[in-house]
Amino acid sequence: MPDALFYVLVVVLVVLGLASFALAMERHWRQLRPGSPIARPTTLVLRAIGATALAASLALCLWLDHGTIASLVWVMALVPAALAVTFTFSWRPQWFAPLLWWTGTRP
Amino acid sequence: MFATFRLSMTWLHTWFGLVLGYVLVVVFFFGSLSVFDREIDRWALPETRFEAQPMPSFDEVLAPVFRELEPHPDDMAATARRVIGPLPDPGTLELASLYAYTTHRDPVLLVGGEFGIPNKPKDASDEHQHVHGWATIDPRTGTPLPVDRLKIGSDFFYPMHYSLHLHAWNDVGYWIVGFAALVMLAALVSGVVVHRKLFRELFTFRPRKQPQRRLLDLHNLTGVVALPFHFFFALTGLIIFAAIYLPVSDKLLKPLHDAHERLESTQTGLPLEPAGQPAAMASVDAMVAEAQRRWAERGMAGEVGLLFADHLGDTNGYVSIYRAGTDRVSLTGEGIHFRASTGEVIRVEPPAGVVAGINDFLTGLHLQHFRHWLLRWLYFLGGMAGCVCIATGFLFFVEKRKQQHAREGRSGARWVDALAVAAVTGTLIATAAILVANRLLPEDLPARGTWEERVFWLAWLGALLHAAWRSAPVLQARRSAAWAEQCLAVSVLAVVAVLLNWITTGDHLWHTLTTGYWPVAGVDLTLLAAAAIAAMTARRLWSTTPTWEPAHA
Amino acid sequence: MSTPSPTAPQIVSRVLASVLGGYGFVWGFAAFGTALLVAGGMEYHEAWTLVMLLAFLLFLGLFCWAFAASSLARVWTVLAGGGGAMTLGAWLLTRHLVS
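Protein chains in written order, with my numbering: chain F, 1 to 107; chain P, 1 to 553; chain Y, 1 to 99.
Worth double-checking, as some hints may not be accurate.
[Claimed, not checked] Covered, in the sense of this in silico footprint (three residues per stretch, anywhere, with C-beta under 8 Å from a C-beta of chain P), are these stretches of chain F:
{"#": "1", "region": "39-48"}
{"#": "2", "region": "64-75"}
{"#": "3", "region": "84-95"}
[What the hints assert, rightly or not] Using C-beta positions, here's what the derived DEER-type ranges look like:
{"#": "4", "chain 1": "Y", "residue 1": "95", "chain 2": "P", "residue 2": "275", "range": "25 to 35 Å"}
{"#": "5", "chain 1": "Y", "residue 1": "57", "chain 2": "P", "residue 2": "540", "range": "35 to 45 Å"}
{"#": "6", "chain 1": "Y", "residue 1": "57", "chain 2": "P", "residue 2": "168", "range": "23 to 33 Å"}
{"#": "7", "chain 1": "P", "residue 1": "122", "chain 2": "Y", "residue 2": "97", "range": "41 to 51 Å"}
[Unchecked claim] From chain F, some residues computed to sit far from chain P (all C-beta separations above 12 Å):
{"#": "8", "residue": "11"}
{"#": "9", "residue": "33"}
{"#": "10", "residue": "56"}
{"#": "11", "residue": "58"}
{"#": "12", "residue": "59"}
{"#": "13", "residue": "101"}
{"#": "14", "residue": "103"}
Simulated from the structure, these hints should not be mistaken for lab results.
Positions of the beta carbon are idealized from the N, C-alpha and C atoms, including for glycine.
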């Protein structure tokens with residue numbers, strides 16, 4: 001079922017999008033970069049990445065389904081994605097380290 | 001009464017959330033199960049474990065079924081109480097109207113109708129001079145299901161979530177659920193007001209902190225990430241039953257409503273009353289074919305979801321055919337009405353206006369007739385998140401107060417905790433118990449369905465009594481033993497249910513997974529997942545010694 | 001104005017106001033709103049549906065307001081008075097429209 005793979009991609013994109021938004025917050029940034037406070041440009045870039053990922057996932061939903069159903073799928077997909085992002089930050093925050101590969105400086 | 005807006009909202013959230021929370025967790029839980037009500041029916045009624053069927057031919061299959069249909073004994077009894085004099089023999093009553101209903105998930109078909117009775121009502125304003133009959137039939141053959149089989153999903157769990165099966169005092173259960181829904185909305189709004197760091201703590205869950213902190217984190221998390229879901233389900237639930245909660249059309253505005261009905265009947269060509277002239281019904285299959293042709297013409301090809309016929313055997317008779325809503329959220333129906341005696345089209349429902357369109361969409365959001373399995377599972381997850389939100393609310397309430405209550409010798413926290421056990425793990429126990437009973441009770445037991453329901457209520461009562469008995473430690477600010485013990489019970493019962501399905505039907509998991517019979521596989525898998533979670537929770541509860549014991553315990 | 005912990009009679013009164021008073025107001029709104037829209041030319045079912053879509057959101061607002069408002073007297077006046085007035089208005093309007 002190829003469609004199933006696309007739905008997996010939707011969830012992956014939503015997770016990446018929400019994780020980026022989370023990393024733009026001081027408290028989650030600190031989990032991966034305990035030494036350095038977050039710089040304003042970094043916050044903006046992370047949010048832009050997050051917004052792009054979320055927009056892409058919504059577009060993918062609209063491609064997969066009829067309009068109202070697609071929007072509903074996307075809104076509901078935020079639920080498991082947000083939970084997954086939260087629990088990852090609770091127990092394995094380092095799993096999101098690759099999302100910061102472009103920031104360079106290590107603690 | 002309160003110094004600030006925030007304090008008033010805190011009070012509202014805490015106390016209304018607590019009291020109505022017990023109702024809400026039940027509503028949310030059975031509402032979530034209702035997403036898969038028909039799949040649960042398949043599990044409970046092995047004779048219906050075949051593929052979903054479209055609406056069968058009316059002329060060939062359904063017409064004989066309706067000729068055999070009789071008033072249901074339950075409705076005969078209920079109607080007898082409403083009318084003057086004895087009711088005629090059910091076998092002599094004639095069908096005045098009929099319906100047939102199916103969805104894309106139904107192997108079996110729901111049929112029913114109204115039979116006219118000559119009796120006058122005891123209450124002059126009572127307009128229902130009918131007795132109802134209904135049956136579930138196999139659409140491939142027209143054979144009815146035995147009357148005392150309980151569709152545990154669609155006829156027990158589903159009505160539980162909107163009526164609590166409380167029909168006393170004029171269906172008070174509907175009103176309790178309705179009030180709980182309003183309180184849910186208020187709890188969401190007040191929760192947002194009270195939650196100062198909604199955005200900063202959006203992804204925050206601190207499992208290594210004190211119980212109060214991690215419970216509140218989880219409560220906030222499950223409430224916020226599914227906030228639109230929780231809000232819309234409560235709101236749409238109220239809107240769907242608006243005619244029950246605000247029956248202005250039946251009361252204050254009745255003259256206006258009835259005048260409109262008469263006017264509308266002349267405009268639509270759908271008569272309100274029979275003419276009194278007999279006329280045979282033309283081929284309904286031809287009407288169905290015409291309806292499907294017209295839908296396809298509009299780019300909305302589809303199956304028949306609901307077939308309705310009124311004023312049977314009369315020249316005023318008409319047949320209404322509605323489309324099953326599988327491909328979109330809105331429940332538009334696309335109704336087409338035919339003259340029963342000739343088969344000509346009387347009326348095609350026009351596209352919904354703005355107001356009706358919004359209502360159709362909101363109703364469709366809640367009733368979810370769409371064919372989309374991922375979305376159904378996401379709905380289920382949202383519902384479970386709601387249950388976790390309410391459950392963690394209870395736990396937080398108790399955690400916050402049990403030290404103080406222990407010091408002051410008060411038992412409030414203890415009883416809140418005991419009721420929470422009954423509402424959370426108790427509900428799970430009762431649910432698993434009815435499924436176990438479904439497999440264990442003898443196949444030919446008379447009123448088998450009623451016995452299954454009795455097991456459910458008894459199991460729940462047992463869980464409540466057990467919870468009350470084992471909650472004494474809360475009086476010393478320790479954890480009630482009931483939580484772990486009931487988690488273990490849930491785990492055992494769920495596994496037993498899966499095993500019994502294997503033993504009594506032969507449809508074990510390996511078989512259903514390899515043949516792709518997802519309804520039964522899905523229920524078995526969910527039961528096993530629930531068993532695993534319950535077992536892990538019980539183990540965790542038994543192995544963790546509370547680190548927040550008061551020093552002077 | 002800082003207030004001490006709410007007393008039982010105060011709580012009961014607020015709860016009654018929010019639940020019964022709120023319901024009474026929304027009932028009046030539903031009846032009067034529907035009748036008014038019908039008088040304005042809207043088809044009955046459309047008017048009723050529109051009012052129902054709004055009624056529960058209104059109830060939500062009133063429910064919260066009944067607790068947030070500083071003056072309980074004002075809450076009761078608005079809810080009972082408004083509800084009563086609208087119910088009367090609906091009744092009068094219905095009689096006028098149907099005659």
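For which of the previously enumerated hints does the structure constitute a violation, in increasing order of number? Going through the list in order, the structure violates hints 1, 7, 8 and respects the others.
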